[in-house]
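Q: First residue of the sequence shown? That's 0 in numbering that gives the first Met the number 0, and the numbers climb one at a time after it.
No lab work stands behind these hints: they were computed from the structure. A quick note: this is a predicted structure, and the numbers were derived from the prediction, not measured. Watch out, some of these pointers could steer you wrong.
[Unchecked claim] Just the calculated beta-carbon pair ranges, DEER-fashion: (1) D69 x T122: 16 to 22 Å; (2) R73 x G145: 44 to 50 Å; (3) T244 x T197: 17 to 23 Å.
Ideal placement from N, C-alpha and C gives every residue a C-beta, glycine not left out.
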Amino acid sequence: MIGLKASPAVLAAMLWLQAAQSPCDPRLVQPGNDPNGYRLRGDRCEGVFVQPVAGSASLVVASFVESFADFNPRTTSSLPLVWAPAEPSKPTFLRAYGLRRRQYYRMDAERPAGIRSYTWPATILGNLDLSRQFLGVLAWNEIDVGGQARRVYVPLKVGAMPGASGGSFELQLVAGTELTEVYLTLAAVNEAGVTRRTYWQRRPLGHSFYPAQQPITIPIAGLDQSGLHRLEIAVVQRDGGSANTEVWFAHLTR
Numbered sequence: 000m001i002g003l004k005a006s007p008a009v010l011a012a013m014l015w016l017q018a019a020q021s022p023c024d025p026r027l028v029q030p031g032n033d034p035n036g037y038r039l040r041g042d043r044c045e046g047v048f049v050q051p052v053a054g055s056a057s058l059v060v061a062s063f064v065e066s067f068a069d070f071n072p073r074t075t076s077s078l079p080l081v082w083a084p085a086e087p088s089k090p091t092f093l094r095a096y097g098l099r100r101r102q103y104y105r106m107d108a109e110r111p112a113g114i115r116s117y118t119w120p121a122t123i124l125g126n127l128d129l130s131r132q133f134l135g136v137l138a139w140n141e142i143d144v145g146g147q148a149r150r151v152y153v154p155l156k157v158g159a160m161p162g163a164s165g166g167s168f169e170l171q172l173v174a175g176t177e178l179t180e181v182y183l184t185l186a187a188v189n190e191a192g193v194t195r196r197t198y199w200q201r202r203p204l205g206h207s208f209y210p211a212q213q214p215i216t217i218p219i220a221g222l223d224q225s226g227l228h229r230l231e232i233a234v235v236q237r238d239g240g241s242a243n244t245e246v247w248f249a250h251l252t253r
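Please put together the full structure from these sequences, using the hints given.
A: And the structure:
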């Protein structure tokens, strides 16, 4: 009612509810009063944020797409995103990363179960001149695999009409430090996470140079098994260190 003050407990509950409903990542700090700063924008959070702590040796999965049509960010009003969920009863999480060096940009959104597309307003992309070259996009479902919660990526079609999947995808990885090699082990797995077929076994990516904070493109093709897949990525760092990560994804023939 107008004129009544809520108790601290009620206010805390209201703030928690608002945070739970927002797709924004509270760890990303806005750069002052920048109009393009990361914040809630309708049904998504989007914008630039303050540079994270330097020296991170992390591996970040920055993009996983089936197709990504070129576009002009200064003249495009929106980008259509289309996907096939790994689990139709689960919501789909969407994320985009800026891949331009020293520009820290992200978009986060969540679409409810049963939804397989999203029209992404391109206003901020235009303001920042983020074209396909400087943009990575992801979609995933949180599902149970063998009794363990997994982030399972689903290949996106960006700016393209939906169609049959040919089993060819592009994954982009960003490393916090310079690498000397990337080794890939790819397998089709069942719902318990047990290997059904191994495609690659510690296969080197074979690039001559892996600079820090620059996208590393990993093409994935020739998949003839529908369902869950596990990609194990092992990297050797220039300083002699090493790092590993797993990427779970769904290849669903349609």
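Q: Each hint needs a verdict: does it hold in this structure or not?
A: Hints versus structure:
| no. | hint | verdict |
| --- | --- | --- |
| 1 | D69 x T122: 16 to 22 Å | holds (19 Å) |
| 2 | R73 x G145: 44 to 50 Å | holds (46 Å) |
| 3 | T244 x T197: 17 to 23 Å | holds (18 Å) |
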